[in-house]
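Please model the complete structure; the sequences and the hints are all you need to start from.
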Amino acid sequence: MDGHSASPALAVLVPAGPADDIEDTVASVLTYTETGSAVIVLDDFHRPETSARLAEMSPDVHVLPTVVGGRRGKLWQNVATGLRWAVEHARFDVLLRLDADSLMLGPGVAMLASERFAADPTVGLLGSNRLGMDGGTRDWSWAAAALHRECGIFG
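Quick note on numbering: the sequence shown equals residues 921 to 1075 in the working numbering.
Warning: the hint list may mix true and false statements.
[Claimed, not checked] As a list, the in silico SDA-like pairs of lysine to any residue whose alpha-carbon atoms are at most 25 Å apart:
| # | residue 1 | residue 2 |
| --- | --- | --- |
| 1 | K994 | V983 |
| 2 | K994 | F965 |
| 3 | K994 | T1057 |
| 4 | K994 | P928 |
| 5 | K994 | D1021 |
| 6 | K994 | V1007 |
[Claimed, not checked] Here are the in silico distance ranges between beta carbons for each label pair:
| # | residue 1 | residue 2 | range |
| --- | --- | --- | --- |
| 7 | M977 | D1019 | 16 to 22 Å |
| 8 | A972 | E1070 | 42 to 48 Å |
| 9 | C1071 | P968 | 26 to 32 Å |
| 10 | D1054 | H1009 | 27 to 33 Å |
| 11 | D941 | A1038 | 32 to 38 Å |
| 12 | K994 | A972 | 19 to 25 Å |
| 13 | A1064 | D1021 | 19 to 25 Å |
It is worth saying that the hints were derived from the structure and are not from the lab.
Note that the structure is a prediction, hence the values are computed from the model and not measured.
We put the CB at the ideal spot given by N, CA and C, even for glycine.
Have a look at this one:
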């Protein structure tokens, strides 16, 4: 992909639970991404009517069932299942993992991420998980400090 081509292909992975307003999240993604961007919703709400409404929003929306149960690591297992599905079924250059209570507020996410990856080939992932598989808080202060230094933000 060269810097003058169309926006890179995007896949968006969204784990969603029963308390999430997933339809607003998916609508925001569909608004600000190009047609053909795979929107993969990990269905942890287990309500057939919600799954049906999501599927009706666009042929680009794919609702995947998740593991039922409250075991530790369930979210990670479900995300891994979604990632595997994306690799096997979607065409994408950039994959965005979005929380179900988030909204995409503008266009260009795939291009910005792609440019960042191209600028530094040692970067393979942008973002973090705040909780570890054991449910405990992870310390990302070192990453925040590095990002502040890189961006020239001090304080």
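Okay, the hints, checked on the actual structure:
1. With a C-alpha separation of about 17 Å, the suggested pair K994 and V983 falls inside the 25 Å cut-off, and the hint holds.
2. A threshold of 25 Å between alpha carbons decides the hint, and for K994 with F965 the separation of about 14 Å falls inside it, so the pair holds.
3. Note on K994 and T1057: the hinted pairing holds, with a Cα-Cα distance of about 16 Å set against a maximum of 25 Å.
4. Our distance criterion of 25 Å between C-alpha atoms is broken by K994 and P928, whose separation comes to about 31 Å.
5. A distance of roughly 18 Å separates the Cα atoms of K994 and D1021; the hinted pair therefore holds under the 25 Å criterion.
6. With a C-alpha separation of about 20 Å, the suggested pair K994 and V1007 falls inside the 25 Å cut-off, and the hint holds.
7. As the Cβ distance of M977 to D1019 is approximately 18 Å, the hint placing it in 16 to 22 Å holds.
8. As the Cβ distance of A972 to E1070 is approximately 44 Å, the hint placing it in 42 to 48 Å holds.
9. Restraint check, C1071 to P968: a C-beta distance of roughly 45 Å breaks the suggested window 26 to 32 Å.
10. A C-beta distance of roughly 31 Å is found between D1054 and H1009, which places it inside the suggested range of 27 to 33 Å.
11. The hinted range of 32 to 38 Å is satisfied by D941 and A1038, whose Cβ atoms lie roughly 34 Å apart.
12. At roughly 24 Å, the beta carbons of K994 and A972 sit within the given window of 19 to 25 Å.
13. Judged by the Cβ atoms, the range 19 to 25 Å given for A1064 and D1021 holds: they are separated by roughly 22 Å.
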